[in-house]
Every structure is written in C-alpha cells, then in structure tokens.
Amino acid sequence: MPNPIISVRNAVKTYGKVRALDNVALDIREGEFLTLLGPSGSGKTTLLSAIAGFLSVTSGSIHARGAEITHLPPEKRDFAMVFQGYALFPTMTVAENVGYPLRVRKMPNAERAERVRECLELVQMSGFADRMPHQLSGGQQQRIALARALSFKPDVLLLDEPLSALDKKLRADLQWELKALHDRLGVTFIYVTHDQDEAMSMSDRVIILSDGSVQQEGAPAELYNRPRNKFVASFLGKSNFVPAQIRKQANGTYTAQVAQESFELSAEPEVNIDGKACLAIRPERVRLGLPGLECFAGRIRQISYLGERCLVLVDHEEFGEILISQTTWNASLPPEPNMEISFGWDCKACVPIAEN
Amino acid sequence: MPRSTLHIFFSTGCWMVLAFLVLPILVVIPVSFTDTAFIGLPRDGLSLQHYETFLRSPKWLQACLTSMWIGVLVAGISTILGTLFCIGVWFLSDRAATIARWVMIVPILVPPVVQSLGFYKFWVVLGLIDTHVGVILAHTLLALPYVTISVFAALTNLDRRIPQAARNLGASLPMTILTVIMPSIRPGMIAGALFAFTVSFDEIVGVLFLTVRRVETLPKVIWDGIQESIDPVIAAVATILVAITLFVTVFGLRGRKI
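The listed protein sequences derive, respectively, from chains P and B.
As numbered in my numbering, residues -5 to 350 make up the first sequence, in order.
As numbered in my numbering, residues 295 to 552 make up the second sequence, in order.
Okay, chain B solo, but in the shape it has when bound (with noise of 0.2 Å):
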C-alpha cells in the first residue's frame, strides 16, 4: 500500500531527526558515570566519583552559584525594562515605535563575537571589565531582545480597549499598567524571563571576552575544563543540568494543563 509506505518514510525520518537531536544530550548521561580519569563510556562499572568531585569543589560549586544568581539578576531587569520597553511601543503603535521594536531586535542578528568584540571595547573605557557588573550588563542587553519578542507577542492579544476601559473607569495610567496590563500579558513576561535566564546561563563568548579571573561562571569554568584536561566532571555537570532542564519543563507543561 502506497499510503503505509509513506508513512513508515515519513516517521522514520521523524525519529531520525529527533535522535540526531537528543541522542548528543543524552550520550553525556552515560559518561558521567565513568570510571575512568578520562572522557569515555564506563569500563569496568559505573561509578559516582565524578559528581562526588563536582560536590566536592568549591571551584564547581562557586561557579554553579555565581552563573544562577548573574541570571537570575539579568531575567529581572530584562524583563522589567522589556516589559516597558513593550508597553510603551504598544501605547504608541506608531511608525517610530514600530521601527524602535525591530532596532531592539537586532542584538539577535550579530554574530556573538562581534558584539563581544563591541562590549569588550566599550566596557574597557567604562571600567567594567572582569566585574560582575559588567557581566551582568552584557548579558541583559543579550536577553533583551527576547523578554520583548514574548512579551510584544502577549501584548498583540490584548484587547486595546482593556486598558480604555481601566483608565475610563478611574485608573491611571500606571495604576492601569499594574492592575490590568501586567496580569494579562504575565504569561509573556514569564516565558520572557525564562529565555533571559537560559541566554545568560549559557553564555560563553561574551564571558570570554569580559572576564580575566574574578568572575567565573559555570559556561567559563567548563571551558577552562576541557582547556586544561578532559575531566569527566563536565559530563557530571551536564548531566546535572539536562536533570534539572527536564524537571522545570516537565514541570511546567502540568502546570499549564491544570
């Protein structure tokens, strides 16, 4: 039968895909478990020494921290400054607006390296460079673009006359922005924070670019890893890191259906 045939093609290639897309996450779950000294599959058993060693280091550790907390502050004020970026050029929904949306988008367009390039220029004559302050800065300017791509895309479904009907009723303006846009469009700000959080988490070349030795965060400390010696903790950490990506998503997913 033709129509099966094409059906097995079809989901073969679906699978395929899919594999091609996990299994390089998934191979990492099996190396953490080594025990070998080296990168590889377990030889004799499987073993825990490497998230012992992880657990143990304070350097791990340190940095672990210091990349959660740099994000945490980054999702915070991107979202807040975002957010108002985004209601404002909603309020306005005028050509300039318009155009000031897509210029707030751009970040995402250069290459990494050149922005690096850019920031590391710049904060060299401002002083910020190897700061948590300047880290921070970089990587908000990083994640902006995203908290308003998904807070705009919140905003499009709001009724304009929501707002109207606030002012209309006695509210002013801000009193409005806090009582009935906020609640309605938090859905965006929330998927917007979580963008910022993962774009800071996981950033590398900017942190290469800005950094010498005060700050270290978990991406850097990685990359020093493999620089220095293949350490099998990496794959302890990533191995970590996936737990803790599907936990949140899973997570995330029954909250929605409820």
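Chain P with its partners taken away, still in its complex shape (with noise of 0.2 Å):
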C-alpha cells in the first residue's frame, strides 16, 4: 500500500487474561473512510482508543506517517475524534466548544471566530453559537461535536459510534452527510461501529473485527460477497449454512458436492479447504419454486412478510433450517406455511468457508 496515513503492526492490548486487541495489523489510507465493524467486545473501540491515544498498547506499535506514535500523548497527534455521546464540554457555549481546539493552539481571537463561523456553516448550525450544549438536540449536538472536531483542520477524523444515539431516520439522514462530508473535505475517516448498514453505506473499506482479531477486511461488496469465514458471513447479512465436499476436478476446476448436486464453483477456494467444508448461501440467491422444480425439498415453518421482500423459512431434512428471502411483488407462488416447496440456488451462490 502507498504511504499509509495512520499502520497499526501487531498491536496486542491485555486485561488481566483478555486480550482485548490480539495481534491487529492494518494500514489506513489517505482519504479514505474506513470502518471497523464488529459487536460489543470485538476490541473496535479499544483500537480505536489506542489510535486515538487514549490507551497505550500491551505490545506492537502505532505509525503515523511511518513516524512512530505508540508513546505519544493524544494531544500530539493531530487526531480529531467525534465520541459516542458527543463529549461537548457543558460549561461552554457551541461557539467556545468549536473553537476550543483553536484556543488550545492559541490562534488569535479574530481569526478563531472566522474559523468557528466557517464551521459551524459546515454543519449547518450557524445560528446555535451562543447556545449551550444542553439546550440541544441529539442530533444538533452531534453536528456540534462534528464542527468542534474539524475546526483545526485535522488530517483524520476517528469516529465512534457517532450515531448510536440518534432515532432510526435521523441516522439514515446523517448518514448521507457524512459521506457527502467525507467526499467533499478528503480527510481520512475511521468509523467505528456495530451497525453493518452504516459500515456498508458508507465505507470505501471495511474491517471486520471479532474477539479482538481482524476476520477479514474490503469493500463493502466484496465483503458481502466473498465472506472468508461463518462469523463474517452471519454478521454481514444473513447466511445460509450448508455442509459440502469440495472437490477438485480433472480439468482443474472445483465443484461443491452438496447432497447428491454438484455445484461448479467459479474460483479456488480461498480458504484452505481439505475435502469437508460449508457453503455461505444468502437467503436472497436461494429460489422458491414448486414441488420437483428445484433440487431440495422442504415444508415451509415460517413466514415473515417485510413489504418489499418476505422471509420464509424453510425446513430441510438435512441442512435443518434455510432461510429464503423472495421479493413479494414478483413471487411466482405466494408461500403458506407447511406447504411442501422445493428449493435451490444456482452455482454462482456459493461460498465455500471454512469451517470454524
């Protein structure tokens, strides 16, 4: 990669006997909007504090600019952060706390109040400056923390989970904003959070963390596409698991036994596979049909209507449950439940993973 911005090499964070961080590497790139995506406890937070230097790692390093930064305090290294609850500073008006970072660097008072002005245009709150912190909205207050962390200029912006705390619309809305946001000021983004649909609708790059360790890293596509292990193909969307014998063919192709179909796979599997693996199937690649027109057979359990697509679940005497998702304004059967249905997918729906 040229030049990274910001490379974590082996970085390893211990408490007592957790390791909260195990063995992370990664480079970031100028400019680019990178998430860290993962539950509670995947460690995303922790590397993010780690960047931010808020916390020092048990071992391994940080670089910033291929200088080192693992020992530097969090106000040398020119990071801005947006935090989870906005951390506005409640004695201050939004005015003071967007200028604060300007104070600390002691810009002078004229060219401070431009700059805050500048700002808070950026957010679109010019007409808050003299308000306080409390007398605001979620979402007025996370615009402010937003202008309070560009004010200065900085060459990244970490974010955590910024938008945790606003209701369902507002987030999709602000969503959009920082994209445009991101896109428009070219500063390098590092977004952390729990939600996959923001990680997928923003990001030029996703990582994947899970128990403190990288599980696979990419574009939002290539993600969802091409999952390299279970937790990766259950945490992004929903998954199919299917047990299959991977086999490799006398002209150099490999097909996927599953029950008594064969699948052509288009690739090598990436994952190391020897014989027994799992296929990833999503539910909205597996077809519906009738009764002797697919290859399984199954009775439906369940079904779960969602206005542009519904959900059946299906159960199969091997697999156990499958769940299908079928767009509602094309079905060519509307499915009942306990009707005896065939089903199957076609070769390209198959990702071979490991099975972990």
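If you are wondering where the hints come from, they were derived from the structure by calculation, not from laboratory data.
The C-beta atom is built at its ideal place from N, Cα and C for all residues, glycine as well.
Any given hint might turn out to be false.
What the hints assert, rightly or not - Covered by chain P, according to a simulated footprint, are these stretches of chain B (three or more residues, beta-carbon under 8 Å): (1) 452 to 459; (2) 466 to 475.
To be verified - Computed far set for chain P versus chain B, every beta-carbon distance over 10 Å: (3) Q78; (4) V98; (5) R178.
Grab the two chains, each in its own frame, and use the hints to assemble them into the complex.
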C-alpha cells in the first residue's frame, strides 16, 4: 500500500487474561473512509482508543506517516475524534466548544471567530453559536461535535459510534451527510460501529473485528459477496450454511457436492479447504419453486412479511433451517406455512468458507 | 377519617422536630437584647448594650477577624489540595485510588479530642504550638475530608470522555484540568470551600489544645467568656452569626434558582 497515513503493527492489548486486541495489523490509506465493524467486545473501540492515544497497547506499535506514535500523548497526535455521546464541554457555549481546539493552539481571536463561523456553517448550525450544549437535541449536539473536531483541520477524523444515540430516520439522514462531508473535505475517516448498514453504506473499506482480531477486510461488496468465514458471513447480512464436499476436477476446476447435487465453483476456494467444507448462501439467492422444480425439497415453517420482500423459513431434512428472502412483487407462488416446496440456487450463489 | 388523622399525626411530628432543631438557636435572639448584665431574658425592656460592647471591644472584634482570615485561608488551601487529590484519584480510578479516597475520609470518624491530642503531640515536636500556622494546618487537615467528599461527588457526574475530548483536541493535561474539568466541578469546589470555612470557623477542640495566648479565635473567646463570666455578649455574637448564616443561605438559594 502506498504510504499509509496510519499503520498499526501487531497491536496487542490485554486486560488480565482477556485479549482485547489480539495481534491486529492494519494500514489506513490517506483520504479513505474506513470502518471498523464488529459486535460489542470485539475490540473495535479499544483499537480506536489506541489510535487516538487514550490507552497504550501492551505490545506492538502504531505509526503515522511512517513516524512511530505509540507513546505519543493524545494532544500531540492531531487526530480529531467524535465521541459516542458527543462529549461536548458542558460549561462552554457552542461557539466556545467549536473554538476550543483553536484556543489551545493559540489562534488569534478574530481568526478563530471566523473559523468557528465557517465550521458551524459546514454542519448547518450557524444560528446556534450562543446556545449551551444541554439546550440542543441529540442530532444537533452530534453536528456540533463534528464541527468541533473539524475546526482545526485534522488529517484524520476518528468517529466512535457517532450515530448510535440517534433515532433511525435521523441516523439515515446523517449517514448521507457524513459521506458527503468526507468526499468534500478529503479527510481520512476512521469510523467505528456495530451497525452493518452504517458500515456498508458509507465506507470505502470495512474491517470486520471479532474477539480482538481482524476477521476480514475489504470493500463492502467484496465482504458481502465473498465472506471468508462463518462469522463474517453471518455478521454482515444473513447466510445459510450447508455442508459440502469440495473436489478438484480433472480439468482443474472445483466443484462443491451438496447432498446429491454438484455445483461448479467459479474460482479456487480462497480458504484452505481439505475436502469437508461449508457453503454460505445468501437468503436472497435461494430460489423458491414448485415441488419437483428445484433440487431440494422442504416444508415451509414460518413466513415473515416485510413489505418489499418476505422471509420464508424452510425446514430441510439434512440442512436444518434454510432462510429464503423473496421479493414480493413478482413472487411466482404465494408461500404459505406447511406448504411442501422445493428450493435451490445456482453455482454463483455458492461461497465456500472454512468450517470454524 | 383515618388518613387525615395520620396526616395530622405526621405533620405535628415534623413541626416538633423542626422546633426542637430551631428553637435553641432562636432563643439566643431575645437573650442578646437583654437589659441585664447576665444571660437571661429581657426584664424591663430591650437593650442594645451587649451589641455595643461587642462592637467596642477590640478583643471580640480581633477574635472575629482572626477566625475569618484563618477560615478563608483554610478554605482556600483545603479546596486546592482536595480538588487536586480528587482529580488525581478520578483519573487513576483503580483499587489504590479508591482506598486513598477512603483513607482521606477517616478524619471524620476519629473523635475530635483524640485527633487534637495527636495534633498537640506532633505540633510540639514541630514547634507549631500557639502559632497561626499550626491552627491553619490543623484546620486544613480537618476540612480536607469534607472538601474531597463534595468535589468527588461533582466529579462522578462528569463524563470521562470529556477530558479525553479536550486532550484529543490538543489540550495538554494541565490545560484540560484548568479549562474543562475545573469549570465543570466548580459547584462542588464552592460547596467544599464553604464546608471548609465552616469547619474552621467554629472549630474549638483543636484550638484549645494547640493555642495558649497568641492565637485567639472567636470560638475560643466565646469559650473563655463562658468560663470567666456568663456574659450576654456571647448571645449578641451568636445572633450576629445566625443572621449572617441566614443571609448567606437565602442569598445562595436565590442565586441557584436564577
């Protein structure tokens, strides 16, 4: 990777016997929107805190533009952070909050006032300069926190679940705004979240963490279409897992044998698979048909109608539960509980993953 | 109606407790206006003679002044030390810090006489007996627990991410403490300082142990006044103190509402 703005090398953080970070290594490109995605306790906030300098790693190192910053105090790093819960200074007005980084950098008053005005405009909060933080709504506080972080023109913006306290609609609006802001300013964003929709909709690149280690990294579409293991396949969207035998054919291609059916794989499996493996199949790629039309037979157990699509839970003798997501507008047959149906998928739907 | 009976029973109880607390304080007011030369209720009419004695007596005024400036110094020193201690403990917030916080409160649990005896023994060695420094030092130690309790209460309400935010935005640790933490815990610090002043202003046991002639605080002069003769000036002084306290309290409460 050409000249990463931040790189983390073999970072380990232990609390007693718990390994919050387990040998994490990653490079962050200048100007990218990178998301650290994982469930709570996966180490994503620990990693962000280590980058910000709030905690020191037990071993390993952190570099910024090639220089080691592992032991640099947070105020010397020039990474701005937007905190979960915003952490606005309660005794200062909005303008004083936004101007705080400039005040500690001893910027002259007139220049500072101008920059504060500019930043409030950037987040569309110009009329609120003299309010106190407690007089603002959650969404407004969030904008002020963003303006405060951007006021000193940092290279890197760290965002720790900044939208988690907001309601669903506001969150969706702010996602678009954040993405637009990122594209406009060209600042590197490192975004921490447990919400896969947030991660997918905004990021250039997503790093999925679990139990303190990196599970997989890549562009959102890449992670969704080619998950490497069961954790990624089930954390990012939903997946069905069916047991399969992977075989190399005489002509060099690979096939996956599921029950009596054989699926040709488009490429050599990325993961190290010796015979027994597992296929991850997205619910929307499973087709539902009339009995006898598809390769597997089952009985519908439950149906959940969601508007644009409906989820059908099918019991299969060998695989157990199979979840099928079907668009409702052109469904060939309206599914009903206890209906005997057949289902299947094509070769492209098969993603071989390691049995872990 | 049973509910109403219960209501009368409890409200009577409340008023009686209140009377029990307040009446002994209020009784000094008529006593201070007595026209007699001894402590008692006014006989033939009201008189301001004891207030006059108080205001004309250099001994009383001097003692008042001494208690004031000792109190202010004690409030200042103990608030600074207590606040620094609390911020340090809050930042560490580990086992040792919690233990340190509890040790800090121990002086409240020790009987004042025992503590004063300890001060006396130690101050003799240090040569601090009968000096203002000795009294200020003792009072600061007595006031510190109250300051730490009050300041720490304010700190527990402070979001830990706030100092992190300040440092992330470029403020050094001292800068963070001065510009972000201290303004946020100011109510706790002010309350602590008032507590400290009060502790020092009416402290008597330590002063009796540690001073002889050179240091004369108000409580000590009152004590001496009772020992020598039962002088109604004491009632006048008490009334003035009650009036000042009332004024400060009312003023403080009004200030809080605005």
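Hint-by-hint comparison with the structure:
1. Counting residues of the region 452 to 459 of chain B whose beta carbon lies closer than 8 Å to any beta carbon of chain P gives 5, which meets the minimum of three for the stated coverage.
2. For the region 466 to 475 of chain B, the stated coverage by chain P is satisfied: 5 residues place a CB nearer than 8 Å to a CB of that chain, which reaches the threshold of 3.
3. With a closest Cβ-Cβ approach of about 8 Å to chain B, P/Q78 is found to fall inside the 10 Å limit, against its non-interface label.
4. A beta-carbon of chain B is positioned within 10 Å of the beta-carbon of P/V98; the least distance is around 5 Å.
5. Non-interface status of P/R178 relative to chain B is upheld: no Cβ of that chain comes within 10 Å, the nearest being about 22 Å off.
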